[in-house]
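Could you put together the complete structure from these sequences and hints?
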Amino acid sequence: MANPMRIRASAKDGVTEVRVLMSHVMETGQRKDASGALIPAHFITELTAKHNDKVVLSAQFGPSVSTNPYLAFKFKGGAKGDKVTVGWTDNKGESRADEVQIS
Amino acid sequence: MRNALKPIAIVAALVMSHGTAVAQSTADDIAKYREMIADGNPSELFEMEGEELWKTPRGPMKATLEKCDLGMGPGVVKGASARMPRFFKDTGRVQDLESRLLTCMQTLQGIDPKLVIDGKFNSGERKTMAALVAYVVTHSKGDKVRVDMTNPQMKELYALGERAFYYRTGPMDFSCATCHGEDGKRIRLQDLPNLTKHEGAAAGWGSWPAYRVSNSQFWTMQHRLNDCFRQQRTAEPIYASDVTIALSVYMAAKANGGEVMTPGLKR
Amino acid sequence: MNRILIAPLALAVAVLSIPAHATSPEELDIRARQMMKDSFKDHGIAKTYRMLQLDFQQACSQAKPPSADVMKQIEAEQMKTIKWPADGKYFGDWKEGEKIAISGRGLTWTDKAGAENGGGCYNCHQLSHHEISYGTIGPSLLEYGKVRGNSDEIVKYTWGKLWNAKAYNACSNMPRNGDAGILTEDQIRHLMAYLFDPASPVNKR
Numbered sequence: 001m002a003n004p005m006r007i008r009a010s011a012k013d014g015v016t017e018v019r020v021l022m023s024h025v026m027e028t029g030q031r032k033d034a035s036g037a038l039i040p041a042h043f044i045t046e047l048t049a050k051h052n053d054k055v056v057l058s059a060q061f062g063p064s065v066s067t068n069p070y071l072a073f074k075f076k077g078g079a080k081g082d083k084v085t086v087g088w089t090d091n092k093g094e095s096r097a098d099e100v101q102i103s
Numbered sequence: 001m002r003n004a005l006k007p008i009a010i011v012a013a014l015v016m017s018h019g020t021a022v023a024q025s026t027a028d029d030i031a032k033y034r035e036m037i038a039d040g041n042p043s044e045l046f047e048m049e050g051e052e053l054w055k056t057p058r059g060p061m062k063a064t065l066e067k068c069d070l071g072m073g074p075g076v077v078k079g080a081s082a083r084m085p086r087f088f089k090d091t092g093r094v095q096d097l098e099s100r101l102l103t104c105m106q107t108l109q110g111i112d113p114k115l116v117i118d119g120k121f122n123s124g125e126r127k128t129m130a131a132l133v134a135y136v137v138t139h140s141k142g143d144k145v146r147v148d149m150t151n152p153q154m155k156e157l158y159a160l161g162e163r164a165f166y167y168r169t170g171p172m173d174f175s176c177a178t179c180h181g182e183d184g185k186r187i188r189l190q191d192l193p194n195l196t197k198h199e200g201a202a203a204g205w206g207s208w209p210a211y212r213v214s215n216s217q218f219w220t221m222q223h224r225l226n227d228c229f230r231q232q233r234t235a236e237p238i239y240a241s242d243v244t245i246a247l248s249v250y251m252a253a254k255a256n257g258g259e260v261m262t263p264g265l266k267r
Numbered sequence: 001m002n003r004i005l006i007a008p009l010a011l012a013v014a015v016l017s018i019p020a021h022a023t024s025p026e027e028l029d030i031r032a033r034q035m036m037k038d039s040f041k042d043h044g045i046a047k048t049y050r051m052l053q054l055d056f057q058q059a060c061s062q063a064k065p066p067s068a069d070v071m072k073q074i075e076a077e078q079m080k081t082i083k084w085p086a087d088g089k090y091f092g093d094w095k096e097g098e099k100i101a102i103s104g105r106g107l108t109w110t111d112k113a114g115a116e117n118g119g120g121c122y123n124c125h126q127l128s129h130h131e132i133s134y135g136t137i138g139p140s141l142l143e144y145g146k147v148r149g150n151s152d153e154i155v156k157y158t159w160g161k162l163w164n165a166k167a168y169n170a171c172s173n174m175p176r177n178g179d180a181g182i183l184t185e186d187q188i189r190h191l192m193a194y195l196f197d198p199a200s201p202v203n204k205r
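So the protein lines, in turn, are chains C, V and B.
Per the working numbering, the first sequence starts with residue 1, numbered consecutively.
Per the working numbering, the second sequence starts with residue 1, numbered consecutively.
Per the working numbering, the third sequence starts with residue 1, numbered consecutively.
Fair warning: there could be bad hints in the mix.
List time: in silico DSSO-like cross-link candidates among lysine-lysine, alpha-carbon distance up to 27 Å [stated by the list, open to error]:
1) 95(B) with 161(B)
2) 127(V) with 41(B)
3) 47(B) with 127(V)
4) 89(B) with 120(V)
5) 112(B) with 155(V)
6) 12(C) with 50(C)
7) 74(C) with 32(V)
8) 67(V) with 32(V)
9) 127(V) with 112(B)
10) 112(B) with 32(C)
11) 144(V) with 197(V)
12) 99(B) with 114(V)
13) 32(C) with 127(V)
14) 197(V) with 127(V)
15) 37(B) with 120(V)
16) 144(V) with 78(V)
17) 120(V) with 47(B)
18) 155(V) with 64(B)
19) 32(C) with 120(V)
20) 266(V) with 32(C)
21) 99(B) with 185(V)
22) 146(B) with 185(V)
23) 185(V) with 64(B)
24) 37(B) with 114(V)
25) 80(B) with 185(V)
26) 89(B) with 161(B)
27) 32(V) with 92(C)
28) 78(V) with 89(V)
29) 99(B) with 32(C)
30) 80(B) with 64(B)
31) 114(V) with 47(B)
32) 112(B) with 120(V)
33) 64(B) with 197(V)
34) 83(C) with 54(C)
35) 55(V) with 155(V)
36) 197(V) with 185(V)
Far from chain B, some chain V residues (derived; all Cβ distances over 10 Å) [claimed, not checked]:
37) 31
38) 53
39) 55
40) 69
By construction, these hints were calculated from the structure, which means they are not laboratory data.
Note that the Cβ used here is the ideal one computed from N, Cα and C, for glycine as well.
See the structure below:
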């Protein structure tokens, strides 16, 4: 199973800032290993962030994003104690979702 | 590799148009880039993993590391790595963070230190070690380097570390001092801290262990020293061997009073 | 007379006796050398015999360089190791030389035996007008041939310096490329061309 994300969410003046650090190899499929064999592509393709049950961000990722991607965004609304959920799916069909409370 | 490519491409573009004022602007750009990603330092992922491992019963004795004494009393992590290496009465020797963690893993969990000492970086128990280190050093961030140089064993290791630092050997006649003995030097575009002075030692010792953006790995100080010797073209230093402790004492003593910025974020 | 002598002696004894079991510098030297053997292991082509110092390496292993006399003696000995080109041919192909100057590969435990080593010149020196990724441990060699000309003297000196830098400065940071078998004679010829050829980017803007 994929490793957990680190998510921070804080609300201030009616705006919530979310910062997400994901644990993922993000292989492009173009690199070669020591023996010269191609390392198969393995990267996040889709990401969704929800405030309680409402989608506030959906994104398509590709192989040009770095290993262990970092994502920061803001959305209007949100209050202390509300749930923020971030989930991703990768090209191998693996997925991971983590949840935090807004601080 | 590829993570570092983008900022370098930007740097190269700047260079084309500005000609000679390049070196400084390159260093500035790298600093800016570091600042940009510092907020999302992926070493946090290793720290999370380390915290989990610290609290997970492991090894033949199925115990956690929560009673591990890093010098501040059993289980105390806060500020511990800022005061290491230090002399430990129970083992009768000076230990750096990693050799001390080996002691804890052995005595509390029954894990054979050989699994780490003879292991490979980024795999098996050495990978576990790196995560544990990330967890521990994060809890000294913002502290000051405070190693006890009044201790006679520490003094002796400092003297040995200094000798190791200047020890020239191997097919290229290099020592640590070849690259880290003068102010304001670079290898290629990489700035080299002068580890013989407080300022450089504080910058170097204070910012390792670190996450390396170029290979997405978390490097402990043992790992860092190992790669320094690789590039010196010496034989391989044995994990947690005397030379690694002596050099750590030498650097930490020079850095004493400097800020702990661990885990760092490196190229 | 006697009284004058006794006083400083007594003082010296007192100073020495304060750290009761402190190790002497000579003892520490011996222990440090032992540590440099015991703390290392073989890995690939990087064997533990690499931890044994040559005489000059040991002489150059302090913060301060050795005395001028010792330096001169080392330089004279190292001068004897330089192999001059038998056919009098000092120059190869600057294009090959550039590749050697850029490559910093070779001789680490992750390198294979028998692989061709790089010169690693750019790690420490500025050389050409267009390579901006250069180190500063050594002096800038930009426009090396253009500035220095190509007299027999400078050509010979440069060959010697590339072969064994310690012949000119006992504790130089620069490796003994020829003497230590880091580079072949042909590779050194290519580097010579890179430094001197008017068409080389070292000299041509």
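Q. If you check each hint against the structure, which ones fail?
A. 4, 5, 8, 12, 14, 25, 27, 35
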